[in-house]
Amino acid sequence: MSMSFAAQVNSVMAALILLTSFGLLVQRRILGLIHLFAWQGLFLCISTAIVGYITGMHHLFISSLMTLSFKVILLPYILYILVRKLDIRRESETLVNIPRTMMIGIALVIFSYHLTAPVTQLSTMVTKSTLAVALATVMLGLLMMVTRRHAVTQIIGFLAMENGLFFAATSATYGMPMVVELGVALDLLIAAFIFGIFFFHISTTFDSLDVEQMAKLKEED
Amino acid sequence: MILLFLLCISLFFAIVLAFVGDWKYAPEINILGSGATFVAGVALAVQVYLQGPMTVGNKFFFVDAFNVYLAVLTSFVSMTTAIFSRKYMRVEREHGRVGHWKMRFYHAMYQLFIFAMLLALLTNNFGVLWISMELATLSTVLLVSLYRTPTAIEAAWKYFILCGVGIAQALFGTVLLYFAAERVLGVGGEALLWTNLSQVSSQLEPTVLRLAFVFLMVGYGTKVGLVPLHNWLPDAHSEGPTPISAVLSGLLLNVALYALVRCKVLVDGSTGTHMAGNMLMGFGLLSVLVAAFSLLRQKDIKRMFSYSSIENMGIATFAFGIGGQIATFGALLHMLVHSLTKSAIFFTVGHASQMHGTQDMDRIRGLIKGNPVVGWSFILGIVALVGMPPFGMFASEFLILTATIKDAPLLTPFLLLGLGVAFAAIFRKVQPMVTGLVPSWQTPLRAAHVPVILHMALVLLLGLYMPRFLSDWFHTAVGLLK
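Residue numbers (my numbering), protein chains in the order written: chain R, 701 to 921; chain Y, 17 to 498.
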């Protein structure tokens, strides 16, 4: 596999990651969201392996394997089990309607390209063009967390943001130092444990996972 | 050596308490652990004072005057909070609000939280700094929801989500920082080390660092509780058990501000401008003003003091933003005295709300008659908090105000307005709580007096006399942060 071909495959993966981000933005069924999230993880894992191959940085293969085991297998599995246990089918309406969310999403992607332009100009790496996609993934995850009112959806948005950050690390810098990557993975694992507990607490206390009803704490006039 | 020992103690006690945390003497073990950490912290500080800054463990850890004083402060307040928590949690247990499992969880997470904060302060690596900040958040999320009431769960969920989102931005900023650094320092773990970065900060690419700082500012700024990223803070600090409120307000905010200031030094060193400083000034002043006016509307006592924490962190952030000798000195002192005062106030507030069975300020009355020590230490704490002489807060706020008049005279009225409104708001609410007759619903309580008196004595001392070693430290730290 030649270098330029590998770089092109990487760009395809970046495009697919962005596509799954938009998919997450419009998907209303929880199970569909979990599937999309797993796909995004898989594309991320392939992309990391390709960058590792191009640059000869072997620690990226370990990162890639970690992505595969955490974000493609473990986290979607945990989410799936939780959704089954708590018997969630379909989430309630989104706050902003879907076409409008898509338009905001597109604006965010353009904004990300604009924001990262000075950085990519400085970079000499073959993967530099994907940094904007990484930032866009982070922003779209953020948008998803803002426009949705379901605890599970918000968590998937959060994890999608984490994917974007990981993608930024591989596309801008060929991966963070190993100790940092391991630490981030550990934090993610603890976070997964915590949101699992939270789902149970919220659903037993409020009878559903709609976070809209958690609005008691605010300033009184 | 001492440094590794310092970190291992709290981690070790976290594991031990995970198994015996509901035992009769678990609070004493908790105190022992925090006390040992404090002793190790003091030993480390003495070493740094005598030998100067150093790196430990293959450059993985780094101590200088700036972080060692925060490490000692962190271990000290965590020790006194552990002493307070012994009596406080016993009452909570008698009232049936926490059971066996929760006690175990509470004690283990308390020590883990201290470990995370110390790791954040002492690490040399910006990546590890991020990881430990996130760990500090994660270890306290389930403590905020310890009582499992609907409001506590809501507060913890907000804390988890908003801080998670915020801190994710800081990771993106760290990635950009690494991107700029590896072009100068080469690929590998070395490029994220503070000791290396601070030496080459002028060679780092300014355009990248400017962008990185925006993300770092949003990320760590969320954790400092700067307006408009502060929404989670009053909820998280008021719904959990009071010892946790004390360490969240008194310590975690300081650690987050520490991270932000380290980033600011790098960015201003690279760009050669005052861009990062200006951003800190803007966010800081906005926080002071918004928090001061929000103080007026509070009904819940812990919530009010959470807003006061936002206000005080705003003052310190603003002062770091001004930069220069006087302002930075004032900011360092302010972090120290605010931490001591605020945790002391939370101790008394915890007892006051236990005596009345509520956190509603309208139902807390007659504290001085009911329990003179709690009442008087509460009112002294308030006098210190609003910046009255002879307490330490007056000294730090005076220094900051002087620096503002000198370097940013146009902002002085806004800062004074914020301080004045906060003063009026807090005093108006506190005065009826401490004076007057004892209401029928008040119950007597065996309070933990030692931590409060210790803190207030230190704050008073710092207002009257600054020990030589402390001013030496601060001067060295000021030099580092130029």
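Hints are supplied without guarantee of correctness; some may be wrong.
To be verified - Below, simulated DSS-like cross-link-like pairs (lysine-lysine); rule was C-alpha separation at most 25 Å, straight line:
1) Y:Lys445 to R:Lys916
2) R:Lys918 to Y:Lys315
3) R:Lys916 to Y:Lys75
FYI, nobody ran anything at the bench for these hints, they're computed from the structure.
The hints, checked one at a time:
Straight-line distance between C-alpha atoms of Lys445 of chain Y and Lys916 of chain R comes to about 23 Å, which keeps the hinted pair within the 25 Å bound. As the CA atoms of Lys918 of chain R and Lys315 of chain Y are separated by approximately 11 Å, the hinted pair is consistent with the 25 Å bound. Note on Lys916 of chain R and Lys75 of chain Y: the hinted pairing is violated, with a Cα-Cα distance of about 48 Å set against a maximum of 25 Å.
Figure legend: structure checked against the earlier numbered hints; the only hint not met is number 3.
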